[in-house]
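Colleague: One-letter residues, chain by chain:
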Amino acid sequence: MIQQISQLLPELWQIAVVLVLFLETIGKPANDAAKPKWLPLAAAAGIFVAVFSLKADGLLFFKAYQVDSLSQFFKLAVLVGFFIVVLNADPLPTVESEKRSDYFLFLALSALGLMFLASTVELIAVYMALEISSYSLYALIPLRGKDQRAAEAGIKYVLFGAAATAVSLYGLSYILATQHSTYLEVLAAADWTWTHSPLAVIGLTLFLAGFFYKLALFPFHFWCPDVYDGTGNETAAYVATLPKLGAVVIMIRLVAMLKPENGIITIIAVLGACSMTFGNLSALIQKDLKRMLGFSSVSHAGYIMVGLSAVSAKGLAAAGYYSLVYVLMNLACFWVICRLATDGRNITLDDLNGLYKRAPGLAFIMAVGAFALVGLPPTAGFMGKFFLLTSAWNRGHDWLVIIACLNTAISIYYYLNIVRHAYTAEAEEPLPAPKPGSALWGGVLATLLLILGAFPGPVFHYAEVAGKLLIP
Amino acid sequence: MILAFLILIPICGGVLAWTMESRHPGTARWIALAVLLGNLGLTALLVPARFDVVSAVGPFLISLELAWMPALGIHFHLALDGLNLVLVFLTHFLGLTALAAAWTEIEHKIGFFYFNLLWVLAGIMGVFLALDLFLFYFFWEMMLIPMFFLISVFGHANRTYASIKFFLFTQISGLLMLLAILGLYFIHGRLTGRYTFNYLELLGTPLSDVSGMLLMLGFLMAFAVKLPAVPLHTWLPDAHTEAPTAGSIILAGLLLKTGAYGIMRFVVPLFPKAAAAAAPFAMFLAVIAILYGALLALSQTDFKRLVAYTSVSHMGFVMLAIFAWNQLALQGALIQIICHGLSTGALFFLAGALQERLHTRELGRMGGLWAAAPRLSGMALFFALASLGLPGLGNFIAEFTILLGVYQVSKPLAVLSALGLISAAVYSLWIIQAAFHGPPQPKLVLADLSGRESAALLAMLAALVFLGLYPQPVFTAAEPALTHLTRTAATQKITEAVPAPPGENPHASP
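Just so you know, the sequences run in chain order A and B.
Count along the first sequence from 1, add 3, and you get the number used in the numbering used here.
Count along the second sequence from 1, add 8, and you get the number used in the numbering used here.
Pulled out of the complex, with its shape left as it was, chain A reads as follows (with noise of 0.2 angstroms):
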């Protein structure tokens, strides 16, 4: 009792911060304290539990809950969002200040549901806590003052998402008649193809439609760019990313059962090609840079996806460094958006203008982000992009990786356009500069890039374990 304890600390300790947020929204009079002052020292412990937990392995609740590398390494990639998530989510000018607790906990409650996904090895648990990180993204999107957009993203979010979930669990139904069973040690034993059982193709195939949704994959992605621009910033800044790794890591797990010749594999491999084409030539004309962002992550769900499609050890690792250095790339730029938002509005690319000038620290971050979206060295995002094309190549998709060079090209435009504006464009009237010291935890997230651009050996080392656990 005590080990299975010792294996869900992060879990636990997330829970623990949970539960005291629900205390403080019932419990609390109106003081309009701007948020809970605790918060982000417990988001910080929590990271220090899961570094401490990265060890744990076991497998608990009827087989249902798996503590392996692999979600380990994923509890820690959220709780390190959902730090930096909390710490970007101050002031939040956009939220009442009396539902400010409700925000936190309901921020909290899906990066729980999150990490329980990153656990979940039973087709009906991943079902739940998939459920439990959307139900609190379905209250939080519209919670943007009385921001007319932000209900209309409310409301595509919950209609995607419910279509999205309807299409999932219809694959389930099909999986449990064919193949009988849930779990997916039992899956991964069973006959996938489609001479022996067409059902179970279909149905996996419709089951994973749930998670393309979840990580805005060609053709789900249609409410991504409309969620972000909709929503407020700080929300947008947690949809953009964490939910991702939430979907990536149950790819990975389900991918892994799969044989590389498998149809799955091709249409994972297509979807993802035409995810990176669409997201990259969408994001070229936007204006409003979380817009812009909707359409790269629509394309960098593609390139996540030609790690997935290797199906191998290196393949999934390079999966999982990708969505990891991608959650700290996008916080990088949503960072930058968030300070310069003071009142909480859109920002455009124009509202860059002459950040060199107002805020050099800020204006640094965006290009880090910028050309780490891009995937240029010396930034993270080209070793992940790198470890991405070296698999893919190595199991023969060579027009996957072609087709992925081909829209880094294309990529290349719009991300230098946000480096532009920040650094050659002038103001047209004097914008105000925003804080002293706000580039701060930007400034670690860019670090943070670079360090793992110049030194990505151990962590891709630990993706790459974990990986082999799944395929040897």
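If you are wondering where the hints come from, they were derived from the structure by calculation, not from laboratory data.
What you are looking at is a predicted structure, and each value in this text was computed from that prediction instead of being measured.
Each hint should be verified, as a subset may be incorrect.
Distance condition first, Cα-Cα at most 30 angstroms in a straight line; then the derived DSSO-like pairs of lysine-lysine [stated by the list, open to error]:
1. A/K360 <-> B/K173
2. A/K438 <-> A/K149
3. A/K58 <-> A/K262
4. A/K290 <-> B/K173
5. A/K159 <-> A/K149
6. A/K290 <-> A/K58
Chain B: place on chain A using the hints.
Modeller: Showing chain B alone in chain A's frame:
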């Protein structure tokens, strides 16, 4: 370790210069100066008594290999032979010149400027020294970002357009090289079971005709854009013209040379057969570059743009020589690399000095400057003469040696490219005539060269005269390295005649 320091010192110095910006912006200049002088001293320590060291892998004077990502076969592998020693010297020399040019030109964001300057120099140094293909690509891309900032933040009126064009051209061609590097990595790994990016191990990888040609083209595209080879040169006039003076000096003097170095070090030795097959075509393009660049230079009215087009023409000689691939031509190419760096760097320096004084680069609005600024004009005359290949100066030695080398391979191309020398005389003298001769402008007040400017130009002048009269030290330094390169390429052609072993993965070719 000295090799790693050569790269690390500018990187750290750049960060230091930037952090000083908020308090003492002026110190950034001195930091940059200290870094470059210190580095130059370190390089001087590396000059050996003899260059023809005997070693199994090649005539490397010193090398450094640290594990970086050993699981993927990636090492931090730097090595120095006579060839890149010369280029590292050139890097420092032109770095100092760029610093002298920027000293008063850059008034704002000084720390950021020197950060970018030092980082681009560090990247170039890395490109010249890296012997691991992954590391090479890493540095190749790393020098791009600071160069982009140098142009886009500190450049002239049309800087945004120019910088984005520069970035897109070089980055997209770089991606092709990345694909080629990966292709080579997998082909070699599948044949030998050793997955590595080590250049020395990848030498001699047996390749089928088709995959060899494709991989070679991937590399060549990246280098041809940098060089630049016609028809991939269109980014160059814009980037050179819009960059600040220091940026133009580094672009023309060093960045273009990384392309030439890449072809010498990687394209031909790694893919000798494919390179030999492509050589006639490449040499033909090079001759077109020589003539077409010169022709375009003749029709320019903007001082910097004119000099930029002469670079296209002069670098055509380098490409011609490399694809002729004999000892004589390669020696000539190396001298041309150095002398073109010096003379064109000096001309950009002078263009910058004029722009700082006159606020224009239009040759039409100059004229009669000789009376107002005799020292500046005299310098300009000297470097224009160097650029046209006056005997007694380095450029003459270079072009003459190249023509001798090319003559052995193809007489018609040697004859055609010699025509380039004539047009060089025309455009060089035209600069002098348009800008400095003619009736003096009575109201013009023009400060002559300052001590700092004169010192920088005199150093370049001395170097060009020295190379023109006594180029032997460069020949001696580079000879073992170049012999080794030509020999590796030649022996490989023989081994490749044996059909590649069966079992090559059909997926391996891109």
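Colleague: Now, for every hint given, state plainly whether the structure supports it.
Modeller: Checked hints:
With a CA separation close to 24 angstroms, the supplied pair A/K360 and B/K173 stays within the 30 angstroms bound. About 26 angstroms separates the Cα atoms of A/K438 and A/K149, which keeps this hinted pair within 30 angstroms; it holds. Under the criterion of a C-alpha separation no larger than 30 angstroms, the hint pairing A/K58 with A/K262 is consistent with the structure, at around 28 angstroms. Restraint check for A/K290 and B/K173: satisfied, since their Cα atoms lie roughly 20 angstroms apart, inside the 30 angstroms limit.
In summary, the hint linking A/K159 to A/K149 is supported, as the alpha carbons are separated by about 17 angstroms, within the 30 angstroms threshold. A C-alpha spacing of about 45 angstroms is found between A/K290 and A/K58, which places the hinted pair above 30 angstroms, so the restraint is violated.
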